[in-house]
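Respectively, the protein sequence lines represent chains E and X. When you number the first sequence by the working numbering, it's gap-free, plus one each residue, and the end is 419. When you number the second sequence by the working numbering, it's gap-free, plus one each residue, and the end is 419.
If you're looking for bench data, these hints aren't it; they were derived computationally from the structure. Just to be clear, a hint being listed does not mean it is correct.
List of simulated lysine to any residue pairs, SDA-like, C-alpha gap at most 25 angstroms [claimed, not checked]:
{"#": "1", "chain 1": "X", "residue 1": "Lys311", "chain 2": "E", "residue 2": "Gly99"}
{"#": "2", "chain 1": "X", "residue 1": "Lys10", "chain 2": "E", "residue 2": "Met95"}
{"#": "3", "chain 1": "E", "residue 1": "Lys10", "chain 2": "X", "residue 2": "Glu91"}
{"#": "4", "chain 1": "X", "residue 1": "Lys118", "chain 2": "E", "residue 2": "Lys98"}
{"#": "5", "chain 1": "X", "residue 1": "Lys347", "chain 2": "E", "residue 2": "Ala108"}
{"#": "6", "chain 1": "E", "residue 1": "Lys24", "chain 2": "X", "residue 2": "Lys311"}
{"#": "7", "chain 1": "E", "residue 1": "Lys118", "chain 2": "X", "residue 2": "Lys10"}
{"#": "8", "chain 1": "X", "residue 1": "Lys10", "chain 2": "X", "residue 2": "Gly25"}
{"#": "9", "chain 1": "X", "residue 1": "Lys347", "chain 2": "E", "residue 2": "Tyr306"}
{"#": "10", "chain 1": "X", "residue 1": "Lys98", "chain 2": "E", "residue 2": "Glu275"}
{"#": "11", "chain 1": "E", "residue 1": "Lys387", "chain 2": "X", "residue 2": "Lys10"}
{"#": "12", "chain 1": "E", "residue 1": "Lys10", "chain 2": "X", "residue 2": "Lys137"}
{"#": "13", "chain 1": "E", "residue 1": "Lys98", "chain 2": "X", "residue 2": "Val388"}
{"#": "14", "chain 1": "X", "residue 1": "Lys347", "chain 2": "E", "residue 2": "Ala87"}
{"#": "15", "chain 1": "E", "residue 1": "Lys10", "chain 2": "E", "residue 2": "Tyr393"}
{"#": "16", "chain 1": "E", "residue 1": "Lys137", "chain 2": "X", "residue 2": "Tyr393"}
Fair warning: this is a prediction, and the values are worked out from it, not measured in the lab.
There are 2 protein chains.
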Amino acid sequence: MSQLLLVNIKSLQGIDESGKLLKKGSEMQEWETISNAWLLTQNGCIANYGEMINLPQAYQGLPQHDCDGALVLPSFIDSHTHIVFAASREEEFVMRIKGKSYEEIAAAGGGILNSAAKLQNMSEDDLFEEAFFRLRKLMSWGTGAIEIKSGYGLTVADELKMLRVIKRLKAAVSIPVKATFLGAHAFPLAYKQNRRGYLDLIINEMLPQIAAEGLADYMDVFCDQGFFTPEETSELLIAAKQYGLKPKIHGNELGYTGGVQTAVKHNALSVDHLEYTGDAEIEALLNSNTMPVALPGCSFFLGIPYAPLRKMIDAGLPVCLASDYNPGSTPNGRMGFVLSLACTQMKLTPEEAMNAVTINAAYALELSHEFGSITKGKRANLVITKKVNSLAYLPYSFGEDLIENVLVDGKIIFPTQSF
Amino acid sequence: MSQLLLVNIKSLQGIDESGKLLKKGSEMQEWETISNAWLLTQNGCIANYGEMINLPQAYQGLPQHDCDGALVLPSFIDSHTHIVFAASREEEFVMRIKGKSYEEIAAAGGGILNSAAKLQNMSEDDLFEEAFFRLRKLMSWGTGAIEIKSGYGLTVADELKMLRVIKRLKAAVSIPVKATFLGAHAFPLAYKQNRRGYLDLIINEMLPQIAAEGLADYMDVFCDQGFFTPEETSELLIAAKQYGLKPKIHGNELGYTGGVQTAVKHNALSVDHLEYTGDAEIEALLNSNTMPVALPGCSFFLGIPYAPLRKMIDAGLPVCLASDYNPGSTPNGRMGFVLSLACTQMKLTPEEAMNAVTINAAYALELSHEFGSITKGKRANLVITKKVNSLAYLPYSFGEDLIENVLVDGKIIFPTQSF
Numbered sequence: 001m002s003q004l005l006l007v008n009i010k011s012l013q014g015i016d017e018s019g020k021l022l023k024k025g026s027e028m029q030e031w032e033t034i035s036n037a038w039l040l041t042q043n044g045c046i047a048n049y050g051e052m053i054n055l056p057q058a059y060q061g062l063p064q065h066d067c068d069g070a071l072v073l074p075s076f077i078d079s080h081t082h083i084v085f086a087a088s089r090e091e092e093f094v095m096r097i098k099g100k101s102y103e104e105i106a107a108a109g110g111g112i113l114n115s116a117a118k119l120q121n122m123s124e125d126d127l128f129e130e131a132f133f134r135l136r137k138l139m140s141w142g143t144g145a146i147e148i149k150s151g152y153g154l155t156v157a158d159e160l161k162m163l164r165v166i167k168r169l170k171a172a173v174s175i176p177v178k179a180t181f182l183g184a185h186a187f188p189l190a191y192k193q194n195r196r197g198y199l200d201l202i203i204n205e206m207l208p209q210i211a212a213e214g215l216a217d218y219m220d221v222f223c224d225q226g227f228f229t230p231e232e233t234s235e236l237l238i239a240a241k242q243y244g245l246k247p248k249i250h251g252n253e254l255g256y257t258g259g260v261q262t263a264v265k266h267n268a269l270s271v272d273h274l275e276y277t278g279d280a281e282i283e284a285l286l287n288s289n290t291m292p293v294a295l296p297g298c299s300f301f302l303g304i305p306y307a308p309l310r311k312m313i314d315a316g317l318p319v320c321l322a323s324d325y326n327p328g329s330t331p332n333g334r335m336g337f338v339l340s341l342a343c344t345q346m347k348l349t350p351e352e353a354m355n356a357v358t359i360n361a362a363y364a365l366e367l368s369h370e371f372g373s374i375t376k377g378k379r380a381n382l383v384i385t386k387k388v389n390s391l392a393y394l395p396y397s398f399g400e401d402l403i404e405n406v407l408v409d410g411k412i413i414f415p416t417q418s419f
Numbered sequence: 001m002s003q004l005l006l007v008n009i010k011s012l013q014g015i016d017e018s019g020k021l022l023k024k025g026s027e028m029q030e031w032e033t034i035s036n037a038w039l040l041t042q043n044g045c046i047a048n049y050g051e052m053i054n055l056p057q058a059y060q061g062l063p064q065h066d067c068d069g070a071l072v073l074p075s076f077i078d079s080h081t082h083i084v085f086a087a088s089r090e091e092e093f094v095m096r097i098k099g100k101s102y103e104e105i106a107a108a109g110g111g112i113l114n115s116a117a118k119l120q121n122m123s124e125d126d127l128f129e130e131a132f133f134r135l136r137k138l139m140s141w142g143t144g145a146i147e148i149k150s151g152y153g154l155t156v157a158d159e160l161k162m163l164r165v166i167k168r169l170k171a172a173v174s175i176p177v178k179a180t181f182l183g184a185h186a187f188p189l190a191y192k193q194n195r196r197g198y199l200d201l202i203i204n205e206m207l208p209q210i211a212a213e214g215l216a217d218y219m220d221v222f223c224d225q226g227f228f229t230p231e232e233t234s235e236l237l238i239a240a241k242q243y244g245l246k247p248k249i250h251g252n253e254l255g256y257t258g259g260v261q262t263a264v265k266h267n268a269l270s271v272d273h274l275e276y277t278g279d280a281e282i283e284a285l286l287n288s289n290t291m292p293v294a295l296p297g298c299s300f301f302l303g304i305p306y307a308p309l310r311k312m313i314d315a316g317l318p319v320c321l322a323s324d325y326n327p328g329s330t331p332n333g334r335m336g337f338v339l340s341l342a343c344t345q346m347k348l349t350p351e352e353a354m355n356a357v358t359i360n361a362a363y364a365l366e367l368s369h370e371f372g373s374i375t376k377g378k379r380a381n382l383v384i385t386k387k388v389n390s391l392a393y394l395p396y397s398f399g400e401d402l403i404e405n406v407l408v409d410g411k412i413i414f415p416t417q418s419f
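The task is simple: from the sequences and hints, build the whole structure.
This is the structure:
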């Protein structure tokens with residue numbers, strides 16, 4: 001029986017024994033803490049916790065880690081990433097600085113199709129090595145569960161290659177990894193004049209093979225202007241459901257284009273982006289089980305609006321925040337910075353932001369029964385901060401990484417290497 | 001004779017043998033590089049550099065550091081900081097999230113006066129210890145020369161205490177530290193109804209003692225609405241000049257309030273903030289020796305406008321970027337993130353942003369004859385990055401620190417400890 005006792009925790013953060021699987025509206029401000037605390041992990045799970053003055057005698061001989069005035073938090077959960085990619089795209093970044101728009105760069109063969117062209121020329125092994133390095137870096141920054149999408153393949157062979165890389169990543173790390181099939185990320189050049197042909201390719205070729213190899217948990221579609229229409233999205237989601245793939249949607253990044261309504265109609269686990277979210281979208285989400293997911297790193301990097309999370313929380317919705325780590329629109333996945341963006345740019349309180357990257361993010365990956373809060377019996381995926389005074393200090397120190405150690409299944413796995 | 005040979009530099013960045021002390025307008029795009037390079041330091045200075053294929057035989061036995069595919073850059077120079085402070089102010093950050101404005105928080109006794117109250121109760125030794133930790137952290141992030149301001153004392157004894165701390169910091173580190181007296185940071189509560197009294201205190205008590213102890217290089221005034229008027233600012237700068245303190249100004253952060261014009265009138269070394277810079281301000285700066293300094297971290301954190309640097313460069317001006325590290329409006333000083341803000345939010349190219357944090361920042365501290373570019377004879381304060389493909393990758397990877405090693409006077413001083 002493996003056990004580890006964390007002692008001298010300045011403040012144990014994010015305790016929840018309510019059994020809630022998500023927090024919405026004013027509940028997002030709920031964030032229970034214990035000052036001067038201990039926490040016991042056992043067989044990979046949170047076994048018990050309490051105040052140092054009440055530390056049971058029986059625990060005092062167990063292997064200990066002295067947190068020395070640091071905070072302990074549930075790990076961040078990153079429910080939306082594209083970390084399998086072949087190359088960075090800083091040249092497009094410079095084009096954009098010089099005045100080109102996202103759509104113009106895409107129209108010139110850049111954007112997603114640029115990533116696809118590079119990925120198609122890279123071996124599965126090389127893709128795995130680079131993605132594994134990125135994943136380990138994210139883990140060192142406190143990400144304790146993650147979703148990874150395909151969508152830079154856009155051919156049968158290359159979408160399968162990406163999903164096999166994700167399957168190898170699942171096996172290679174000890175944190176949960178959810179795989180999302182995003183063949184419907186863009187129409188490849190070869191199908192620009194034959195949309196029907198690409199839909200058929202996804203439905204008749206990709207989905208059956210993905211299902212046969214058990215390569216994906218979820219199906220995602222970029223339902224937005226210039227990409228997939230709500231009708232096309234619906235057809236794809238219905239097809240995917242027959243193979244057991246639950247829906248997620250990229251929606252409302254570029255306009256009020258029906259992504260949210262399509263997500264709700266199909267009972268999607270989440271609808272992600274949401275820079276264009278008005279009253280009709282909020283109303284639709286209020287009557288749904290679909291988690292709204294904002295990606296503030298994308299807004300920061302592209303200079304597009306931030307999703308109106310303040311308004312959404314005030315309307316009673318739950319919200320989740322994710323990194324969107326990808327080489328085109330969000331070339332970074334440090335969740336600590338996502339927290340800073342949420343507080344400084346979207347006016348979430350530190351507590352709301354933490355719920356958005358823990359319990360609500362776990363919900364968006366069907367993990368909130370096991371992850372996303374300090375709860376007895378949940379998995380001990382935890383973050384130990386550097387010495388800080390308060391939770392608010394984390395988003396406040398916006399340019400700085402304040403993670404000292406990371407626990408996965410009750411074991412300290414970082415720092416073991418530097419990045 | 002101490003020598004160090006850097007070899008296998010993927011790209012040596014920021015070479016300049018032109019003798020320019022600053023770059024303005026289209027010159028800000030100038031950024032010379034050599035691929036696959038070496039660089040020799042000798043007695044703390046840059047002695048020579050070139051391409052690996054032309055590495056002189058005579059150098060091959062010297063102590064070497066293999067840069068292994070990394071970039072080498074001139075160190076960042078941070079020309080505007082407030083790193084001597086007593087306490088973080090994340091509680092005000094949370095107030096602001098909940099809707100209070102900077103002015104409202106200041107009016108309620110928060111803001112600068114909050115920092116002053118805390119600093120007045122802290123010993124010089126404790127202030128030194130905390131500021132020294134911050135300074136070392138900044139150096140580990142690549143800052144190779146820095147300016148530090150007083151201005152949280154606001155009494156004779158406490159302004160002197162802060163400046164003595166800065167003097168101790170100068171002695172404690174090997175990078176250049178410039179000390180700026182900012183007694184005119186705000187009117188202390190005791191003088192709210194007696195502005196004349198505080199001006200007299202600065203002129204008749206603070207300045208003579210500061211000069212007698214040799215505690216400051218520069219004089220700074222917060223010339224903006226709610227703070228010091230242009231007339232008050234002028235009077236203070238004239239008094240300071242008699243003690244040999246050259247002017248700098250905090251101006252145009254809160255409105256079009258004459259800060260720029262006052263700076264130009266007094267031939268200030270720099271005018272800093274500039275969120276409100278229109279055609280009249282640009283015109284004034286074009287006919288001056290005053291360096292305009294933008295502080296994008298403050299705009300990011302407070303949600304105020306960014307200084308219009310794109311327009312200023314296009315009008316032919318030089319611009320500089322600094323961190324403004326302080327506990328109220330910019331609780332972070334990582335210059336790598338300042339670069340990201342410059343490129344993503346202010347639309348500077350990576351080359352323009354680098355000139356703004358190197359040669360032009362050196363100019364703002366009267367250091368550009370010795371620092372701010374890869375130039376034979378200049379001091380070897382350098383940054384070695386992690387393995388990256390291009391200069392643009394640094395601002396592109398916005399949430400990440402990509403500094404591997406830091407050289408000061410030709411010696412590798414980081415990593416020597418982790419932060």
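Here's how the hints hold up against the structure:
Taken as a hint, the lysine 311/X and glycine 99/E pair is honoured in the structure, with Cα atoms around 14 angstroms apart against an allowance of 25 angstroms. For the given pair, lysine 10/X sits about 23 angstroms from methionine 95/E by alpha-carbon distance, which is consistent with the 25 angstroms threshold. Restraint check for lysine 10/E and glutamate 91/X: satisfied, since their Cα atoms lie roughly 18 angstroms apart, inside the 25 angstroms limit. Between lysine 118/X and lysine 98/E, the direct Cα distance comes to roughly 45 angstroms. Violation of the 25 angstroms bound is thereby established for this hinted pair.
A C-alpha spacing of about 21 angstroms is found between lysine 347/X and alanine 108/E, which places the hinted pair at or below 25 angstroms, so the restraint holds. Annotation: proposed proximity of lysine 24/E to lysine 311/X is violated, straight-line Cα distance about 43 angstroms (limit 25 angstroms). The straight-line distance between the Cα atoms of lysine 118/E and lysine 10/X is roughly 22 angstroms, inside the 25 angstroms bound, and the hint therefore holds. Of the supplied pair hints, the one linking lysine 10/X and glycine 25/X is violated, its CA atoms being roughly 28 angstroms apart against a limit of 25 angstroms.
Under the criterion of a C-alpha separation no larger than 25 angstroms, the hint pairing lysine 347/X with tyrosine 306/E is consistent with the structure, at around 18 angstroms. Note on lysine 98/X and glutamate 275/E: the hinted pairing holds, with a Cα-Cα distance of about 22 angstroms set against a maximum of 25 angstroms. Of the supplied pair hints, the one linking lysine 387/E and lysine 10/X is violated, its CA atoms being roughly 37 angstroms apart against a limit of 25 angstroms. With a C-alpha separation of about 23 angstroms, the suggested pair lysine 10/E and lysine 137/X falls inside the 25 angstroms cut-off, and the hint holds.
Distance hint between lysine 98/E and valine 388/X is fulfilled; the C-alpha atoms sit about 22 angstroms from each other, no more than 25 angstroms. About 23 angstroms separates the Cα atoms of lysine 347/X and alanine 87/E, which keeps this hinted pair within 25 angstroms; it holds. Under the criterion of a C-alpha separation no larger than 25 angstroms, the hint pairing lysine 10/E with tyrosine 393/E is consistent with the structure, at around 13 angstroms. Simply put, lysine 137/E and tyrosine 393/X have alpha-carbon atoms about 17 angstroms apart, close enough for the 25 angstroms limit, and the pair holds.
The structure is inconsistent with the numbered hints 4, 6, 8 and 11, although it conforms to all the rest.
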